[in-house]
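K.L.:
Model the full assembly from the supplied sequences, consistent with the hints where possible.
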Amino acid sequence: MMPLDLNALVGHTGQNLFYVLTGIGFGFALEQAGFGNARNLAAQFYLKDMRVLKVMFSAIVTAMLLLYWAGALGWVEVERVFVNPTHLWPGILGGFIFGVGFVIGGYCPGTALVSLSTLKLDGLFFVLGLGAGMFVFGETIDGWRAFWDRSGFYGEVTLMQVFGLPAGVVVLAVVLMALGMFFGAEKIEAYFARRDAEGGRR
Amino acid sequence: MNRKRVAALVAVAAAVGLLLMGRPTVEERVSARAPELQSRLETRRVHIHPAELLDVINNYNTRLRIVDVRDESDFNLFHILDSVRVPWARLQDPAWVRALPTHTVTVLVSNDERRAEEAWKRLAVQNVPHLYVLEGGINGWLDLYGEAPTGAVSSGSAAGHAAGDDTLRHGFSAALGSRHPASDPDPLHAPRVEYERKVKPIGPTVRKAGGCG
Chain V
1 MMPLDLNALV GHTGQNLFYV LTGIGFGFAL EQAGFGNARN LAAQFYLKDM
51 RVLKVMFSAI VTAMLLLYWA GALGWVEVER VFVNPTHLWP GILGGFIFGV
101 GFVIGGYCPG TALVSLSTLK LDGLFFVLGL GAGMFVFGET IDGWRAFWDR
151 SGFYGEVTLM QVFGLPAGVV VLAVVLMALG MFFGAEKIEA YFARRDAEGG
201 RR
Chain Z
1001 MNRKRVAALV AVAAAVGLLL MGRPTVEERV SARAPELQSR LETRRVHIHP
1051 AELLDVINNY NTRLRIVDVR DESDFNLFHI LDSVRVPWAR LQDPAWVRAL
1101 PTHTVTVLVS NDERRAEEAW KRLAVQNVPH LYVLEGGING WLDLYGEAPT
1151 GAVSSGSAAG HAAGDDTLRH GFSAALGSRH PASDPDPLHA PRVEYERKVK
1201 PIGPTVRKAG GCG
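As they're listed, the protein sequences go chains V and Z.
My numbering puts the first residue of the first sequence at 1, with every later residue one more than the last.
My numbering puts the first residue of the second sequence at 1001, with every later residue one more than the last.
Mixed in with the good hints there might be a few duds.
Claimed, not checked - Looking from chain V toward chain Z, a few residues come up when the C-beta cut is under 10 Å (computed):
| hint | residue |
| --- | --- |
| 1 | Leu66 |
| 2 | Ala72 |
| 3 | Val78 |
| 4 | Glu156 |
| 5 | Val175 |
| 6 | Ala178 |
| 7 | Leu179 |
| 8 | Phe183 |
| 9 | Glu186 |
What the hints assert, rightly or not - SDA-like mimics (lysine to any residue), calculated; alpha carbons at most 20 Å apart, straight line:
| hint | chain 1 | residue 1 | chain 2 | residue 2 |
| --- | --- | --- | --- | --- |
| 10 | V | Lys54 | Z | Lys1200 |
| 11 | Z | Lys1004 | V | Leu6 |
| 12 | Z | Lys1004 | V | Gly23 |
| 13 | V | Lys187 | Z | Val1006 |
| 14 | Z | Lys1198 | V | Ala8 |
| 15 | Z | Lys1004 | V | Gln32 |
| 16 | V | Lys54 | Z | Leu1009 |
| 17 | Z | Lys1004 | V | Ala173 |
| 18 | Z | Lys1004 | V | Met50 |
| 19 | Z | Lys1004 | V | Glu186 |
| 20 | V | Lys54 | Z | Ala1007 |
| 21 | V | Lys187 | Z | Lys1200 |
| 22 | Z | Lys1004 | V | Glu189 |
| 23 | Z | Lys1004 | V | Leu66 |
| 24 | V | Lys54 | Z | Ala1008 |
| 25 | Z | Lys1200 | V | Asp5 |
| 26 | Z | Lys1004 | V | Met181 |
| 27 | Z | Lys1004 | V | Arg51 |
| 28 | Z | Lys1004 | V | Ile60 |
| 29 | Z | Lys1004 | V | Asp5 |
| 30 | V | Lys54 | Z | Lys1198 |
| 31 | Z | Lys1004 | V | Leu65 |
| 32 | Z | Lys1198 | V | Leu9 |
| 33 | Z | Lys1004 | V | Ile188 |
| 34 | Z | Lys1004 | V | Gly184 |
| 35 | Z | Lys1004 | V | Ala8 |
| 36 | Z | Lys1004 | V | Met64 |
| 37 | Z | Lys1200 | V | Leu9 |
| 38 | Z | Lys1198 | V | Asp5 |
| 39 | V | Lys187 | Z | Asn1002 |
| 40 | Z | Lys1004 | V | Leu179 |
Read the hints as simulated data drawn from the structure, not as lab findings.
It should be emphasised that the depicted structure is a prediction, and the values quoted were computed from it without experimental measurement.
Glycine included, C-beta positions come from ideal geometry on N, C-alpha and C.
P.N.:
Written out as structure tokens, the structure is:
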């Protein structure tokens, strides 16, 4: 039953090979979605091109449905799947820095690597900045540790635990929320397209 | 109907189906995997000799959790030092299972083996790693380490308890718990026993990470 202990199954080299293949698939999907182009990504923030929201939420909904169906069929032990621990305040501050960096630079870390793979200069400089930021963070970590590691720490919490609802109810709610957001996103895109077209005619 | 509507319908149908189906309980998972689990137990690759448990207890490079699944009264009479009594219902509590550290050897203990094996099945289907059963249970442990001054009465070898009825077959004058000398045998003076080593070494602890970006 999954999740599998890859190291025990295929050894350290096989495990790393699996990571490489997964990374290739992930990068390919991002590039195919147009995430290697900063203009496509930045357009999300101006509400003109909502593909980031649509692709990301489609991925979340697909993965969630597959995971919980696999759990319902007894193929995956969902409780053993890693959940990122919640560090609330560092998460809010980090999310703010991440968002500002995303809208200014046009990339998030993953998409910067995707753009670098197609040898885009802006992607290269974004990755260099990313490395520099990580280096500075790593060198100053002792001054941050109390905030970064312990403030607003809630452990591994899920929506099911927060709302006290069964997984099936939460899954259905997330699916309906995603569909509502897709519908809204299409309306917003159509509005901006119409407005731009009218502006162009004037 | 366009593709977007079809995809939306499929997603909603899958979510509603999931809601109606629910998740299999631990008992249902044990039933579904009964032949496989039983065959794993029959190989006895997960049964460790009391002498191996004592070695693991005294090996400070291995993190160990001894889970005692006996009734509270038996646990109060005698238990191995640092063992934790876990009520049956908690073995099926996802929050408790989730909180178990992964880089830790877990040894399940009952008076003989039957109850510990049932506990093993329930934790195995929840993918708890590095899971073992104490061969012969507490009766086997006391046979080996419960010497005369302790008040315990010897009754056969560890392997002889494999098919026991899981009752405590050693008498105690009081509920000594882990204050009983056999609870924490001195490895230097404990009987030397040859055994087949079954506990697999656990690799270095790696902090898990994940997430996007």
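K.L.:
Each hint needs a verdict: does it hold in this structure or not?
P.N.:
Status of the hints after comparison with the structure:
| no. | hint | result |
| --- | --- | --- |
| 1 | Leu66 | holds (9 Å) |
| 2 | Ala72 | holds (5 Å) |
| 3 | Val78 | holds (8 Å) |
| 4 | Glu156 | holds (7 Å) |
| 5 | Val175 | holds (4 Å) |
| 6 | Ala178 | holds (8 Å) |
| 7 | Leu179 | holds (5 Å) |
| 8 | Phe183 | holds (9 Å) |
| 9 | Glu186 | holds (9 Å) |
| 10 | Lys54(V) / Lys1200(Z) | violated (46 Å) |
| 11 | Lys1004(Z) / Leu6(V) | violated (36 Å) |
| 12 | Lys1004(Z) / Gly23(V) | violated (27 Å) |
| 13 | Lys187(V) / Val1006(Z) | holds (19 Å) |
| 14 | Lys1198(Z) / Ala8(V) | holds (16 Å) |
| 15 | Lys1004(Z) / Gln32(V) | holds (18 Å) |
| 16 | Lys54(V) / Leu1009(Z) | holds (16 Å) |
| 17 | Lys1004(Z) / Ala173(V) | holds (19 Å) |
| 18 | Lys1004(Z) / Met50(V) | holds (15 Å) |
| 19 | Lys1004(Z) / Glu186(V) | holds (11 Å) |
| 20 | Lys54(V) / Ala1007(Z) | holds (13 Å) |
| 21 | Lys187(V) / Lys1200(Z) | violated (58 Å) |
| 22 | Lys1004(Z) / Glu189(V) | holds (16 Å) |
| 23 | Lys1004(Z) / Leu66(V) | holds (19 Å) |
| 24 | Lys54(V) / Ala1008(Z) | holds (12 Å) |
| 25 | Lys1200(Z) / Asp5(V) | holds (14 Å) |
| 26 | Lys1004(Z) / Met181(V) | holds (13 Å) |
| 27 | Lys1004(Z) / Arg51(V) | holds (14 Å) |
| 28 | Lys1004(Z) / Ile60(V) | holds (16 Å) |
| 29 | Lys1004(Z) / Asp5(V) | violated (37 Å) |
| 30 | Lys54(V) / Lys1198(Z) | violated (51 Å) |
| 31 | Lys1004(Z) / Leu65(V) | holds (17 Å) |
| 32 | Lys1198(Z) / Leu9(V) | holds (18 Å) |
| 33 | Lys1004(Z) / Ile188(V) | holds (17 Å) |
| 34 | Lys1004(Z) / Gly184(V) | holds (14 Å) |
| 35 | Lys1004(Z) / Ala8(V) | violated (41 Å) |
| 36 | Lys1004(Z) / Met64(V) | holds (19 Å) |
| 37 | Lys1200(Z) / Leu9(V) | holds (15 Å) |
| 38 | Lys1198(Z) / Asp5(V) | holds (19 Å) |
| 39 | Lys187(V) / Asn1002(Z) | holds (17 Å) |
| 40 | Lys1004(Z) / Leu179(V) | holds (10 Å) |
Checked against the numbered hints above, the structure violates hints 10, 11, 12, 21, 29, 30 and 35; every other hint is satisfied.
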